Amino acid sequence: MTEPVIEIPIDRKIDTSHMKVTDEVAIQITGMNKWYGTFHVLRDINMTVNRGERIVVCGPSGSGKSTLIRCINRLEEHQKGQIIVDGTELTSDLKNIDKVRSEVGMVFQHFNLFPHLTILENCTLAPIWVRKVPKREAEETAMHFLEKVKIPEQALKYPGQLSGGQQQRVAIARSLCMKPRIMLFDEPTSALDPEMIKEVLDTMIALAEEGMTMICVTHEMGFAQAVANRVVFMDQGQIVEQNEPRAFFNNPKSERTKLFLSQILGH
Amino acid sequence: MSNIESHTIAYVRDTMIPEQDPPITESGAIKWLRDNLFSGWLNTVLTLLSLLVIWWAIAAIGPWLWNTVWNAGSLRECREALGGTSGACFAVINDRWHQLMFGFYPPRLYWRPVLAFVLLFVALSPILFTNLPRKLLYFSAAYPFIAYHLLWGGSIWLPIGAALGFVAGIVAFAIVRKINGLAAIFAAVIAPVFWWLFLAGPFDATMSSILPLGLEFVRSDRFGGFLISLVIGVTGISLSLPLGILLALGRQSDMVFVKSVCVIFIEFIRGVPLITLLFTASLLLNYFLPPGTSFDLILRVIIMVTLFAAAYMAEVIRGGLAALPRGQYEAADALGLDYWKAQRLIIMPQALKISIPGIVNTFIGLFKDTTLVVFIGLLDPIGLSNAIRADTDWQGIYWELFIFIGALFFVFCFGISRYSMYLERKLKTDHR
Chain C
1021 MTEPVIEIPI
1031 DRKIDTSHMK
1041 VTDEVAIQIT
1051 GMNKWYGTFH
1061 VLRDINMTVN
1071 RGERIVVCGP
1081 SGSGKSTLIR
1091 CINRLEEHQK
1101 GQIIVDGTEL
1111 TSDLKNIDKV
1121 RSEVGMVFQH
1131 FNLFPHLTIL
1141 ENCTLAPIWV
1151 RKVPKREAEE
1161 TAMHFLEKVK
1171 IPEQALKYPG
1181 QLSGGQQQRV
1191 AIARSLCMKP
1201 RIMLFDEPTS
1211 ALDPEMIKEV
1221 LDTMIALAEE
1231 GMTMICVTHE
1241 MGFAQAVANR
1251 VVFMDQGQIV
1261 EQNEPRAFFN
1271 NPKSERTKLF
1281 LSQILGH
Chain S
-13 MSNIESHTIA
-3 YVRDTMIPEQ
7 DPPITESGAI
17 KWLRDNLFSG
27 WLNTVLTLLS
37 LLVIWWAIAA
47 IGPWLWNTVW
57 NAGSLRECRE
67 ALGGTSGACF
77 AVINDRWHQL
87 MFGFYPPRLY
97 WRPVLAFVLL
107 FVALSPILFT
117 NLPRKLLYFS
127 AAYPFIAYHL
137 LWGGSIWLPI
147 GAALGFVAGI
157 VAFAIVRKIN
167 GLAAIFAAVI
177 APVFWWLFLA
187 GPFDATMSSI
197 LPLGLEFVRS
207 DRFGGFLISL
217 VIGVTGISLS
227 LPLGILLALG
237 RQSDMVFVKS
247 VCVIFIEFIR
257 GVPLITLLFT
267 ASLLLNYFLP
277 PGTSFDLILR
287 VIIMVTLFAA
297 AYMAEVIRGG
307 LAALPRGQYE
317 AADALGLDYW
327 KAQRLIIMPQ
337 ALKISIPGIV
347 NTFIGLFKDT
357 TLVVFIGLLD
367 PIGLSNAIRA
377 DTDWQGIYWE
387 LFIFIGALFF
397 VFCFGISRYS
407 MYLERKLKTD
417 HR
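As given, the protein sequences belong to chains C and S, one line each in that order.
Residue 1021 is where the first sequence starts when you use our numbering, and the numbers rise one by one after that.
Residue -13 is where the second sequence starts when you use our numbering, and the numbers rise one by one after that.
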């Protein structure tokens, strides 16, 4: 088998050697099942994510990958099994849910910025109302993260005035303002034009370089190969294969994975 | 393409052409006329026809208005003054305006409703215009009690006692919240109810005996005219919006009991004509209430009008909620905002903004519907116009009265409408 050529829309060399993965467990999922009505969306998911890991979840559409990460901050409810995030088990207990949600940041495919608030207000809202941070301090933090995603000059504009790529970077900054320990990305570049994908991926890489624990549902295989330390392949609500990226892309074990890879990489 | 360029490729411009005015037919009034009034033969015909209609209308109404008689004691005097020519007799307004405004409110106390009316705008201003000092909101909160006292009078301790009930609720909430969030909400409801039922009466009695302060009491049946329209309209409007929001949220709730109560309430109220509810308020409620309790008729009407408008409001706001993408709820959840914070900070500001035209529609409808109270014997402007026309002096007059009443309603409704457009412009941040 020839080595697949993966185009990485990233122009600098990424050094993953210093992105340390620790032994500390960040997320522990055991025997998790979920149904939509009678439809079995997630089947017996078992997964452990250590602190500092960068995991890319991929798979065909409808394979349950978005549903999986949405279960991690309880945007979706699982019916069987156990999800423990940062030592807190997700049950119907609202207190636990709020605790987990304030520790886990989430970035959506369609950004979901609040259109009636300015960029700065988008970023300070949750710190002020959930973390009870004083307004001035929250604004300083927000400006810090907006600088980090390279759009401090847009702080006083409204989301509608920004391009898609800029909006997604604001969404990342908004999550970071809550100082989360884990970041979830739900197809963050799928709604973007090709030239904007790069700016968002750059931001995500910078985040990985700082040691953030990340789970990304994405079709950007270049990103997976350059940044991830593990790729998880899902199909029909199950984890079919997981491996470190080099082995995953060069030497997939399951037939389903091979088919999937040949379809998204083979042209 | 000029001929020169076609066979010489190289070309250098040596003189720049200065900016020139467009041709006379392409600017100013002439262009506007051509574009908007005479752009084609159909448009030209329509323009001429419209001018004709406008001319007819002015020719018919103009002299009648122009020949208005302002000073006369009766319709007969008016006719004498006109001497056979066609003319309006707005003398009736001059003669009876105080009745149309205040009903049978004692004339020497007119300053009280007038002051309440002026203060209404002071109280509204910080709510309507967010750039005014926020401290004014304390006045807005106190205004309902001030207005009540100014309009009805009586002991000053009654409205203060009622206001203290709310204070009791807030204090109870603040204390219990440290222990448990849900219990705090119960405390915030139970404390004021307890206060009003058991302590407000003795409080009023004791304070009145110690320090009898207050204004002369005016009975509800003295109220009339625009005073009554405004009291019912303003109270109904300001109460129906929060009630409507709660009903809309209740209808979307996952809790079956809350949801079914809201659905049944909304569907029942919407399915019944307002006039039926008003008759219920004026006639039937007396049978249900314990004998001997006199429950003010204006208050009963306000309750019914508010409930009626709230049901409509709930559906209007539900429309706004439905228009919000699910992602907004998810983003709020993902950031760790709880239900009420998400509603207050993310969902409601957007849903209400979307619903502004519908909300204003309901407000204007409610305000105009206050004229229906004439059927249960309250003397609103329409009721008074009937009374005025029943007077021998003014028998046979109607155009002038209804034009005046219509104009006043129009001023209020048009004001509300303009404000809503200002608000829509101000809140437009999506830059679509």
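Check the hints yourself; a few may be wrong.
[To be verified] DSBU-like, lysine-lysine: derived pairs with alpha carbons at most 30 angstroms apart:
| id | chain 1 | residue 1 | chain 2 | residue 2 |
| --- | --- | --- | --- | --- |
| 1 | C | Lys1177 | S | Lys412 |
| 2 | C | Lys1170 | C | Lys1115 |
| 3 | C | Lys1199 | S | Lys164 |
| 4 | C | Lys1177 | C | Lys1199 |
| 5 | S | Lys17 | C | Lys1119 |
| 6 | C | Lys1177 | S | Lys245 |
| 7 | C | Lys1119 | C | Lys1100 |
| 8 | C | Lys1177 | C | Lys1152 |
| 9 | S | Lys164 | C | Lys1119 |
| 10 | S | Lys412 | C | Lys1199 |
| 11 | S | Lys339 | C | Lys1155 |
| 12 | S | Lys164 | C | Lys1115 |
| 13 | S | Lys327 | C | Lys1168 |
| 14 | S | Lys327 | C | Lys1115 |
| 15 | S | Lys354 | C | Lys1155 |
| 16 | S | Lys327 | S | Lys339 |
| 17 | S | Lys327 | C | Lys1119 |
| 18 | C | Lys1155 | S | Lys245 |
| 19 | C | Lys1155 | S | Lys414 |
| 20 | S | Lys354 | C | Lys1152 |
| 21 | C | Lys1177 | S | Lys121 |
| 22 | S | Lys245 | C | Lys1115 |
| 23 | S | Lys164 | C | Lys1168 |
| 24 | C | Lys1177 | S | Lys414 |
[To be verified] Computed footprint of chain C on chain S; a stretch qualifies when at least three of its residues, placed anywhere within it, have a C-beta under 8 angstroms from a C-beta of chain C:
| id | stretch |
| --- | --- |
| 25 | 307 to 317 |
| 26 | 335 to 346 |
Hint data in this document are derived by calculation from the structure and do not stem from the laboratory.
In this text, all values refer to a predicted model and were calculated from it rather than measured experimentally.
Glycine included, each C-beta is placed from N, C-alpha and C at the ideal position.
Consistency of the hints with the structure:
For the proposed pair C:Lys1177 and S:Lys412, the alpha carbon gap of about 15 angstroms is at most 30 angstroms, so the pair holds. This hinted pair does not check out: C:Lys1170 and C:Lys1115 have alpha carbons roughly 35 angstroms apart, beyond 30 angstroms. A hinted pair counts as satisfied when its Cα atoms are at most 30 angstroms apart, and C:Lys1199 with S:Lys164 qualifies at roughly 26 angstroms. For a cut-off of 30 angstroms, the pair hint linking C:Lys1177 to C:Lys1199 stands: about 23 angstroms separates their Cα positions.
Restraint check: the Cα-Cα separation between S:Lys17 and C:Lys1119 comes to about 66 angstroms, which exceeds 30 angstroms; the hinted pair is violated. Taken as a hint, the C:Lys1177 and S:Lys245 pair is broken in the structure, with Cα atoms around 39 angstroms apart against an allowance of 30 angstroms. For the hint pairing C:Lys1119 with C:Lys1100, the CA-to-CA distance comes to about 21 angstroms; that is within 30 angstroms, so the pair holds. With a C-alpha separation of about 24 angstroms, the suggested pairing of C:Lys1177 with C:Lys1152 holds against the 30 angstroms cut-off.
Taking the CA atoms of S:Lys164 and C:Lys1119, the gap is near 19 angstroms; set against the 30 angstroms cutoff, the hint holds. For a cut-off of 30 angstroms, the pair hint linking S:Lys412 to C:Lys1199 is broken: about 33 angstroms separates their Cα positions. A C-alpha spacing of about 25 angstroms is found between S:Lys339 and C:Lys1155, which places the hinted pair at or below 30 angstroms, so the restraint holds. As the CA atoms of S:Lys164 and C:Lys1115 are separated by approximately 16 angstroms, the hinted pair is consistent with the 30 angstroms bound.
The suggested pairing of S:Lys327 with C:Lys1168 holds, with an alpha-carbon distance near 28 angstroms, which does not exceed 30 angstroms. For the given pair, S:Lys327 sits about 15 angstroms from C:Lys1115 by alpha-carbon distance, which is consistent with the 30 angstroms threshold. Annotation: proposed proximity of S:Lys354 to C:Lys1155 is violated, straight-line Cα distance about 44 angstroms (limit 30 angstroms). Note on S:Lys327 and S:Lys339: the hinted pairing holds, with a Cα-Cα distance of about 17 angstroms set against a maximum of 30 angstroms.
For the given pair, S:Lys327 sits about 15 angstroms from C:Lys1119 by alpha-carbon distance, which is consistent with the 30 angstroms threshold. For the hint linking C:Lys1155 to S:Lys245, the alpha-carbon distance of about 37 angstroms lies beyond 30 angstroms, and the restraint is violated. Taking the CA atoms of C:Lys1155 and S:Lys414, the gap is near 25 angstroms; set against the 30 angstroms cutoff, the hint holds. Restraint check for S:Lys354 and C:Lys1152: not satisfied, since their Cα atoms lie roughly 45 angstroms apart, outside the 30 angstroms limit.
Restraint check: the Cα-Cα separation between C:Lys1177 and S:Lys121 comes to about 28 angstroms, which is no more than 30 angstroms; the hinted pair holds. Under the criterion of a C-alpha separation no larger than 30 angstroms, the hint pairing S:Lys245 with C:Lys1115 is consistent with the structure, at around 24 angstroms. About 38 angstroms separates the Cα atoms of S:Lys164 and C:Lys1168, which puts this hinted pair outside 30 angstroms; it is violated. Between C:Lys1177 and S:Lys414, the direct Cα distance comes to roughly 13 angstroms. Compliance with the 30 angstroms bound is thereby established for this hinted pair.
Only when three residues or more bring their CB closer than 8 angstroms to a CB of chain C does the claim for the stretch 307 to 317 of chain S stand; here the count is 5, and the claim holds. With a cut-off of 8 angstroms between beta carbons, the stretch 335 to 346 of chain S has 3 residues touching chain C; three or more are needed, and the interface restraint holds.
Violated hints, listed in ascending order, are 2, 5, 6, 10, 15, 18, 20 and 23; each of the other numbered hints is respected by the structure.
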